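Trainee: Sequence:
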Amino acid sequence: MEGVCSTKSDVYSFGVLLLEIVCGRKNNSFYDGDRPLNLIGHAWELWNDGEYLKLMDPTLNDTFVPDEVKRCIHVGLLCVEQYANDRPTMSDVISMLTNKYELTTIPRRPAFYVRRDILDGETTSKVPDIYTYSTTISSSCEVEGKV
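Taking our numbering, I'd label the letters of the sequence shown as residues 1 to 147.
Since the hints were derived computationally from the structure, they do not count as laboratory data. Fair warning: there could be bad hints in the mix.
What the hints assert, rightly or not - As a list, the in silico SDA-like pairs of lysine to any residue whose alpha-carbon atoms are at most 25 Å apart:
(1) K26 - T59
(2) K70 - M96
(3) K8 - Q82
(4) K70 - W47
Unchecked claim - Label pairs and their calculated CB-CB ranges:
(5) T98 - D10: 14 to 20 Å
(6) T7 - T59: 31 to 37 Å
(7) P58 - N99: 26 to 32 Å
(8) I21 - G50: 18 to 24 Å
(9) N61 - D92: 28 to 34 Å
(10) D62 - Q82: 31 to 37 Å
(11) K54 - K26: 14 to 20 Å
(12) D92 - V65: 20 to 26 Å
(13) I94 - N61: 26 to 32 Å
(14) L97 - N27: 15 to 21 Å
(15) T89 - D49: 27 to 33 Å
As the structure is a prediction and not an experimental result, all values here were calculated from the model. Think of the CB as a built atom: it goes at the ideal place given N, C-alpha and C, for glycine as much as any other residue.
Given these sequences and hints, build the entire structure.
Mentor: Quick look at the structure:
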């Protein structure tokens, strides 16, 4: 978002890829009429509601291990956390995915979490007020907006 790429940018991308694999859909083609969110927002809300298995690709039917799916979603959400410093390293990601120990780190709000509400047939994006910013455009003009 700030134009600075780092190893944590790669971790974020891997997290999105992991969530795409679990749900069987691309991030840019994701839309659910019942929960109008982007993929990351949809995964985040299902996780918080304890309904993370609803994220699964429906074509898999019962051919998956629920604990492994939970682990993949958990790790995916850790990878897409809002602040890059809070994201795990790739070596930690590999360890979390390959070892069977219980994950104790709780995912926090992901980056680019945008909730869309449908009002009278129109879709609007909502971002929490904590992301309000103020930008000075000229010495005499100030504009407020949402990130």
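Trainee: Work down the list of hints and note, for each, if the structure agrees.
Mentor: These are the hints, each one checked on the structure:
With a C-alpha separation of about 15 Å, the suggested pairing of K26 with T59 holds against the 25 Å cut-off. A threshold of 25 Å between alpha carbons decides the hint, and for K70 with M96 the separation of about 12 Å falls inside it, so the pair holds. Proximity of K8 to Q82 is assessed by CA-CA distance (about 11 Å); at most 25 Å being required, the pair is judged to hold. Straight-line distance between C-alpha atoms of K70 and W47 comes to about 9 Å, which keeps the hinted pair within the 25 Å bound.
Judged by the Cβ atoms, the range 14 to 20 Å given for T98 and D10 holds: they are separated by roughly 18 Å. Under the hint 31 to 37 Å, the C-beta atoms of T7 and T59, about 33 Å apart, fit the expected range. For P58 paired with N99, a C-beta distance near 29 Å keeps the hint of 26 to 32 Å intact. The hint said 18 to 24 Å for the Cβ distance between I21 and G50, and at roughly 21 Å that hint holds.
Range check, N61 to D92: about 32 Å between beta-carbon atoms, so the 28 to 34 Å window is met. Separated by about 34 Å at the C-beta atoms, D62 and Q82 satisfy the suggested range of 31 to 37 Å. Checking the proposed 14 to 20 Å range against K54 and K26 shows it holds: the Cβ atoms sit about 18 Å from each other. For the pair D92 and V65, the supplied restraint of 20 to 26 Å holds, since their beta-carbon distance comes to about 22 Å.
Hint check: I94 to N61, Cβ distance near 28 Å, so the stated range 26 to 32 Å holds. Taking 15 to 21 Å as the suggested C-beta distance range, the pair L97 and N27 conforms, at roughly 19 Å. Checked against the given bound of 27 to 33 Å, the beta carbons of T89 and D49, roughly 29 Å apart, stay inside it.
Of the hints listed earlier, there is not a single one the structure fails to meet.
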